[in-house]
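> Below, each chain spelled out in residue letters.
There are 2 protein chains.
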Amino acid sequence: MTDFTAVDNYLESNLHSSLNELKTLCAQPSVAAQNLGMTETAQMVKDMLKARGFEADLYETEGYPVVIAHRQGIIDKTLLIYNHYDVQPAEPFNLWTSPPFEPEEREGKIYGRGISDDKGHFTSRLFAIDALLNVYGDLPCNVKFILEGEEEIGSVHLPQFVETHQELLAADACIWEFGGVDHRDIPLQYLGLRGICYVELSVQTAAMDVHSGLGGSLFPNAAWRLNWALSTLKDQEEHIRLPDFYDSILPPSERDLQMLSELPPVREEYQSRYGIDKFLKDYQNETELRVASVFEPTCTICGLTSGYQGPGSKTVLPAKASAKVDFRLVPNQTPTQVLKQLREHLDREGFPDVEIEFLGGGPPARTDPDHPFVKLVVETSTDAFGETMQLVPMVGGSGPNYAFVNTLNLPVVTTGIGYPGGNAHAPDENIRIDLYLKGAKHISRILHAFGQT
Amino acid sequence: MTDFTAVDNYLESNLHSSLNELKTLCAQPSVAAQNLGMTETAQMVKDMLKARGFEADLYETEGYPVVIAHRQGIIDKTLLIYNHYDVQPAEPFNLWTSPPFEPEEREGKIYGRGISDDKGHFTSRLFAIDALLNVYGDLPCNVKFILEGEEEIGSVHLPQFVETHQELLAADACIWEFGGVDHRDIPLQYLGLRGICYVELSVQTAAMDVHSGLGGSLFPNAAWRLNWALSTLKDQEEHIRLPDFYDSILPPSERDLQMLSELPPVREEYQSRYGIDKFLKDYQNETELRVASVFEPTCTICGLTSGYQGPGSKTVLPAKASAKVDFRLVPNQTPTQVLKQLREHLDREGFPDVEIEFLGGGPPARTDPDHPFVKLVVETSTDAFGETMQLVPMVGGSGPNYAFVNTLNLPVVTTGIGYPGGNAHAPDENIRIDLYLKGAKHISRILHAFGQT
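Line by line, the protein sequences give chains A and B.
Heads up: the first sequence begins at 1 in our numbering, then just goes up one per residue.
Heads up: the second sequence begins at 1 in our numbering, then just goes up one per residue.
Since the hints were made in silico from the structure, they are not lab data.
Check the hints yourself; a few may be wrong.
Which copy? The list can't say, so a pair holds if one copy fits it or any two copies do.
Below, computed lysine-lysine pairings styled on DSSO-like, alpha-carbon distance capped at 27 angstroms [said to hold, decoys possible]:
#1 278 - 77
#2 320 - 281
#3 77 - 23
#4 77 - 340
#5 278 - 320
#6 320 - 77
#7 109 - 278
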């Protein structure tokens with residue numbers, strides 16, 4: 001067994017410096033949805049890679065640029081690391097304890113928008129590379145990075161980019177942008193992601209808002225039209241009413257159910273963490289809850305906007321109303337199917353006036369739990385985290401992993417610095433400093449082992 | 001017949017000066033819903049009345065102050081004039097051609113928030129008083145003013161104020177805050193107002209917003225809860241589903257139907273003005289449309305708020321959602337009834353988690369079309385407007401007229417400077433300068449005639 005004392009010494013001695021680099025990156029807003037600081041951040045990321053001796057370039061897309069970097073290693077095998085430099089919007093600002101773009105350390109954690117999702121993962125990987133370069137003077141294998149700027153808005157252009165840059169991205173295995181431990185501090189290996197179809201539904205009923213004393217009696221109300229249309233999408237038993245919506249779904253395999261049943265209970269932990277009185281359904285046991293959380297598709301209203309939303313009252317009949325809605329998809333659903341079903345459904349229910357704008361998405365994708373690279377990542381986790389990774393057949397979130405799994409034909413594994421209290425996509429997003437160090441240790445071990453195989 | 005040449009000469013010669021006073025008043029924001037400039041505006045209004053020799057005072061309430069003023073006239077009969085100094089919020093600002101609080105004259109009109117509703121009505125009445133004082137040196141009758149600062153937020157404290165200040169407000173007749181001409185330029189006499197019950201419905205399902213990839217499968221979604229709750233309030237045939245909601249309603253009388261049938265057609269005019277493709281129902285004729293517009297209650301969603309509302313996508317499960325909803329009430333419905341029915345309905349439909357906040361309201365109220373003061377106002381309209389006022393039994397809007405009709409026992413009449421293109425409560429609110437002058441002429445004639453009777 002390799003001795004990682006020198007590598008770990010480096011990581012422990014230089015932690016402060018790596019965290020400072022992360023803070024600098026997080027202080028630079030990069031909100032894709034709001035076109036905030038995107039080019040500046042892409043440039044920063046490129047410079048950070050160049051500083052490690054990578055050849056790095058920005059590739060323009062129709063959206064935000066993709067950063068590609070590579071560096072040769074001792075052995076001619078290539079690990080592709082995927083991250084993203086964009087972050088979620090920070091709103092609502094008033095719910096943050098410290099300003100979202102002024103990273104602040106408190107009690108062993110660092111808070112800031114994007115620090116967990118995904119900038120901390122990126123810098124912890126650079127940190128592992130720093131350690132290997134410092135100790136060995138070289139990398140054990142070739143390493144490529146791909147960082148996109150549109151993950152939080154549905155990776156609109158990435159799949160096409162991967163499709164047309166297959167040679168540039170050619171590799172033997174891929175490390176995904178996220179990963180981390182569960183509430184027991186046991187690292188989890190997420191072998192798949194659900195797909196997503198994110199849409200904005202909008203209605204316009206008049207040329208302008210009208211006094212509700214007049215319009216309320218006579219004119220169609222955009223907010224009511226939207227409300228009624230949404231209410232037909234899903235019933236109160238959570239059944240999604242799109243035509244043939246459930247038809248193509250593959251149920252979980254016996255192996256999937258086995259992996260899920262070995263995972264620890266989460267019910268109570270979710271309830272206390274998120275302040276939930278009760279779950280959507282009365283799950284008979286933890287496995288049933290686990291199955292529901294990843295092997296069932298969803299339809300979520302992510303936002304509603306119409307009319308007057310300020311304090312007090314304004315008696316107005318809104319001319320416009322819109323909703324942001326995401327569908328999470330399971331094998332073998334696709335966004336193309338869902339968009340077609342959604343249009344058909346709205347027309348059939350009498351809502352041809354409700355317009356659908358596709359804001360992004362992709363199908364689900366999974367990696368074989370028996371792939372040798374999965375085994376390597378699990379085996380190296382024990383030494384880094386002090387616990388052995390557990391396999392999770394699929395998780396509820398989404399991402400463009402299908403481009404890497406299907407197009408590049410790579411095993412895609414997850415490891416990283418995430419933990420359940422990280423508040424990704426919410427106010428007070430944060431990372432734990434101890435996990436940041438463990439995550440870097442794991443990456444250094446993966447790279448080393450990959451160079452031996 | 002009295003010769004109004006001198007009065008009209010004064011009005012025509014001093015129009016510019018009165019409009020300048022109006023512009024100054026409109027440049028002072030007074031948005032009750034946002035507590036913007038309220039005390040400053042109350043003080044301005046008081047000073048404007050004092051400048052005409054009125055005794056004027058601010059009366060504190062639990063909300064914004066009420067301005068009361070009075071001035072003796074030649075004859076000991078008292079006309080009470082009701083106006084309000086608050087205005088609707090100006091949002092959305094980007095839909096205004098010129099800034100809402102920088103009044104701008106364009107092509108015979110003046111644009112600004114509150115210029116029609118209600119500041120222009122107020123200053124046109126002062127302008128009539130200026131003319132009478134200039135020509136006669138005195139007022140023909142006693143005049144009292146009451147201006148409140150909460151009309152646009154449901155006149156929360158006015159009815160109680162009227163109840164406890166009956167002696168101060170004692171009068172023989174009342175002129176309401178608004179009035180004006182229809183699309184033919186014929187002045188209308190609005191003999192009643194619908195009631196209103198304005199509520200905010202809100203739901204909270206978790207302590208914080210959650211990533212929709214996790215929460216969408218397992219946790220209740222505040223936006224969905226709100227959507228489903230709202231969808232039970234009213235069906236797509238516009239039937240309001242609150243228990244016993246329609247039980248207390250008085251249908252229109254034969255006299256009401258007669259008055260409505262004599263009014264001009266509005267269908268095409270509404271369609272072109274507001275950009276409406278079709279009405280809520282297929283009204284068989286104009287009278288049916290007129291009946292629907294005032295003798296039927298409504299349930300209007302005035303605003304919807306939940307989750308992410310910015311550009312692009314954010315995959316979030318909202319912890320909170322809220323809707324602003326107004327119910328317009330017809331005789332003999334009351335807000336108290338509706339609040340009770342609403343709570344019962346939501347509980348019965350499985351939405352005890354939807355909270356109701358009452359933001360203001362009051363019952364409907366009507367004035368007898370055969371009252372002598374109504375006759376006086378109609379008769380004096382011909383000379384002022386060049387057209388004779390037509391009687392309208394009730395209009396769709398709401399206001400605290402019930403306090404004046406029921407508590408003070410006064411006939412309440414409408415006359416003023418409004419017209420259908422005035423965009424009250426909407427962007428580009430405006431008045432027509434020609435109607436401003438006609439409105440002032442009518443007030444001068446009413447005061448004069450009232451002093452003769």
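> Now, for every hint given, state plainly whether the structure supports it.
Hint by hint, here is what the structure shows:
For a Cα distance limit of 27 angstroms, the shortest separation of residue 278 from residue 77 qualifies neither inside one copy, at 49 angstroms, nor across copies, at 66 angstroms. Taking identical chains as interchangeable, the C-alpha atoms of residue 320 and residue 281 lie at most 27 angstroms apart only when they sit on different chains, with a minimum of 20 angstroms there against 34 angstroms within one chain. With identical chains, the CA atoms of residue 77 and residue 23 are never at most 27 angstroms apart, being 32 angstroms at best within one copy and 76 angstroms at best between copies. When the C-alpha separation of residue 77 and residue 340 is checked against a cutoff of 27 angstroms, the pair qualifies neither within a copy, at 42 angstroms, nor between copies, at 72 angstroms.
In this homomeric assembly, residue 278 and residue 320 come within 27 angstroms of each other (Cα to Cα) only across copies, at 16 angstroms, whereas the closest approach inside a single copy is 34 angstroms. For a Cα distance limit of 27 angstroms, the shortest separation of residue 320 from residue 77 qualifies neither inside one copy, at 55 angstroms, nor across copies, at 49 angstroms. For the homomeric pair residue 109 and residue 278, neither the shortest alpha-carbon distance inside one copy (29 angstroms) nor that between copies (58 angstroms) is at most 27 angstroms.
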